[in-house]
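Enquirer: The task is simple: from the sequences and hints, build the whole structure.
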Amino acid sequence: MNLFAHFQGVVANAVETLVGQGKLPACLDLSKLTAEPPRDATHGDVAVNAAMVLAKPAGMSPRAVADLLVPLLVSDPDTAAVTVAGPGFINIKLKDSFWPRVLQAALGQGDQFGSSKIGSNQKVNVEYVSANPTGPLHVGHCRGAVFGDALASLLKFSGYDVTKEYYMNDAGGQVNVLAESAYLRYREALGEDIGEIPAGLYPGDYLKPVGEALAKEYGKSLLGINDWLPLVRDKSISMMMDMIRDDLASLDIKQEVFFSEKSLQADGSVAKAIAKLRASGDVYEGRLPPPKGEVNEDWEDREQTLFRSTALGDDVDRALLKSDGSFTYFASDVAYSQNKIDRGFKQLIYVLGADHGGYVKRLQAVASALAGPGVVQVDAKLCQLVKLFRNGEPVRMSKRAGEFVTLRDVVDEVGPDVVRFMMLYRKNEAPLDFDFAKVTEQSKDNPVFYVQYAHARICSVLRNAEAAGLKSDAKIDFNLLTDEAEKALILRIAAFPRVIEAAALAHEPHRISFYLYDLASDFHSLWNKGKELPQLRFILQDQDNISLTRLAFLRVIRYCLANGLGLLGVKPASEM
RNA sequence: GACUCCGUAGCUCAGCUGGAUAGAGCAACGGUUUUCUAAACCGUCGGUCACAGGUUCGAAUCCUGUCGGGGUCGCCA
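549 is the number that our numbering gives to position 549 of the first sequence; each next residue is one higher, with no gaps.
The hints are simulated quantities; they were obtained by calculation from the structure and are not laboratory data.
It is possible that part of the hints are untrue.
Cβ pair distances, simulated, as ranges [to be verified]:
1. Ser-460 x Asp-315: 50 to 60 Å
2. Leu-30 x Tyr-284: 38 to 48 Å
3. Lys-56 x Gly-353: 38 to 48 Å
4. Tyr-284 x Gly-173: 35 to 45 Å
In the DSSO-like style, the derived pairs of lysine-lysine whose C-alpha atoms are separated by at most 30 Å in a straight line are [said to hold, decoys possible]:
5. Lys-272 x Lys-208
6. Lys-220 x Lys-208
7. Lys-475 x Lys-123
8. Lys-427 x Lys-346
9. Lys-272 x Lys-123
10. Lys-117 x Lys-156
11. Lys-95 x Lys-475
Note that the structure is predicted; figures quoted are calculated from it, not measured.
C-beta: ideal position from N, C-alpha, C; glycine also.
Expert: Here you go:
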């Protein structure tokens with residue numbers, strides 16, 4: 001249960017009661033009404049902005065609105081006191097008996113604590129990675145991969161019907177280059193000296209197994225023929241996708257749908273989607289102004305088939321057909337968008353690199369044109385660059401052969417949990433520095449370690465508890481948790497569902513990482529307080545009720561940590 | 001030139017879709033350990049939220065403009 005959402009409802013009901021009594025005018029907009037944790041804990045437990053938001057539309061002073069609301073809120077069974085403060089905040093102080101119920105409920109929910117139904121089973125498509133199937137994933141793909149996966153988990157946990165998807169660009173010119181590169185490796189596998197890989201082809205060693213596989217499967221039969229390309233291309237793509245899936249598996253990422261661009265062209269979907277847009281007047285024949293910025297020698301002024309994306313907020317209209325009559329990449333995306341709409345998705349989330357920023361508006365324009373304005377929500381999450389460092393020194397990468405750091409290199413060096421946590425310890429719009437030395441350091445400077453250490457400490461106490469042998473008639477009574485440090489933790493725990501919901505609505509999984517850090521900090525504080533004040537320790541000799549209560553408390557904290565880490569895709573450590 | 005992201009403490013960053021006196025960590029300084037994991041904790045110091053306007057009860061947050069930094073601007077994918 002999200003207690004803040006609960007009290008927002010309580011306040012909304014109170015307002016409606018007042019409207020019913022004629023004390024407040026009807027048709028007030030309640031959408032801006034919030035209930036949130038006050039900045040300063042001395043103000044109470046829940047801060048409500050109702051009086052300030054409603055004052056103007058009601059034609060009253062905030063104070064007058066508050067005076068109407070306070071009596072109704074005081075009568076709520078959970079409130080101990082209601083005060084009006086500052087510019088018109090209504091601060092609710094909850095009864096002491098409220099918090100034990102929160103802990104009890106959290107304990108009962110266990111690994112579901114923090115989950116919600118705010119998604120109402122709405123169908124959401126999260127498309128991420130979608131790297132060209134021409135080689136292994138590099139470190140640049142890492143962030144989007146982890147981000148997309150965590151966002152999908154977060155949305156599932158929040159009650160959305162989520163599909164995790166990868167779009168395979170298996171139709172363009174890149175995969176023909178891949179095929180030519182693989183064909184060279186095939187000839188090499190048959191014993192031919194192929195020399196240097198020509199410029200423009202993919203030089204990486206990872207294509208050698210493709211050549212060998214082709215040699216094994218077809219012998220020399222592909223040498224004499226002219227139409228080897230489609231066959232080699234399909235085989236290469238298939239093997240590259242297997243490799244990419246392996247790379248993703250190393251981060252424990254498994255997408256449910258791998259959607260083929262080629263299939264859209266093959267089954268006529270692209271032509272159909274374009275025809276639909278032409279019928280609605282969104283596609284026309286026309287000319288484009290030359291591109292700004294760098295001069296492009298290939299630019300040619302000609303009449304072409306264009307999507308009227310400027311009508312929907314884009315900078316220029318977008319071409320759908322190349323001069324040779326084949327579809328552009330964007331044309332496939334029109335059909336792909338239609339396909340997603342047809343599958344019933346109400347939200348299309350694209351996790352993209354920052355270099356795709358210019359693509360966002362046309363994706364939104366296409367969805368709007370195909371489904372109607374506002375019918376499907378398109379949210380593009382742009383992940384900024386990851387800069388790699390080794391002991392403070394930037395890791396140099398060049399695009400020449402062998403000098404790029406692969407996703408696998410990073411995962412193999414620091415482990416999947418560290419990669420996942422660190423990639424989510426920044427909001428996606430912020431650039432991220434990733435230092436191999438720092439992220440594996442075992443100290444509080446390293447947030448991954450800090451959070452894991454809290455979890456391990458809890459597990460350690462729970463192990464010790466088994467040896468302590470508590471009496472079987474001991475009872476859990478969360479009213480026994482009265483210390484300031486304990487209360488701080490209880491408040492933090494109570495905020496967990498709200499953090500998850502807010503992160504899900506904002507599509508910002510990084511909020512969970514920061515929450516977990518704060519939670520770990522509260523826990524470490526309590527732990528150390530127990531060093532000075534032995535009565536605050538978790539297991540007390542001959543005080544089985546309080547010991548059992550504190551152990552249950554620890555289990556609730558552990559659920560928060562484990563559930564939060566689980567959403568990030570990080571495995572909690574039970575010892576370190 | 002256009003679009004887009006960013007600009008918050010000496011450094012790295014949060015800031016809960018507009019709330020009350022702007023928060024953490026690092027660095028600096030001081031303290032805590034016969035103890036359930038000190039791999040930790042507590043305290044002090046540190047701010048013109050880039051700048052200028054606007055919107056309103058109220059702005060780091062929204063709008064406009066300026067400055068500074070990153071990214072993008074193809075019939076590529």
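Enquirer: Could you run down the list of hints and mark each one as holding or not?
Expert: We went through each hint and held it up to the structure:
Hint check: Ser-460 to Asp-315, Cβ distance near 58 Å, so the stated range 50 to 60 Å holds. At roughly 44 Å, the beta-carbon separation of Leu-30 and Tyr-284 lies within the given 38 to 48 Å, and the hint holds. Between Lys-56 and Gly-353 the CB atoms are about 44 Å apart, so this pair conforms to the stated range of 38 to 48 Å. The beta-carbon spacing between Tyr-284 and Gly-173, approximately 26 Å, falls outside the hinted interval of 35 to 45 Å.
Taking the CA atoms of Lys-272 and Lys-208, the gap is about 39 Å. The hint is violated against a cut of 30 Å. With a C-alpha separation of about 16 Å, the suggested pair Lys-220 and Lys-208 falls inside the 30 Å cut-off, and the hint holds. Taking the CA atoms of Lys-475 and Lys-123, the gap is near 44 Å; set against the 30 Å cutoff, the hint is violated. For the suggested pair Lys-427 and Lys-346, the alpha carbons sit about 24 Å apart, so the restraint of at most 30 Å is met.
For the given pair, Lys-272 sits about 24 Å from Lys-123 by alpha-carbon distance, which is consistent with the 30 Å threshold. Using a Cα cut-off of 30 Å, the hinted pair Lys-117 and Lys-156 holds, with the two alpha carbons roughly 9 Å apart. About 22 Å separates the Cα atoms of Lys-95 and Lys-475, which keeps this hinted pair within 30 Å; it holds.
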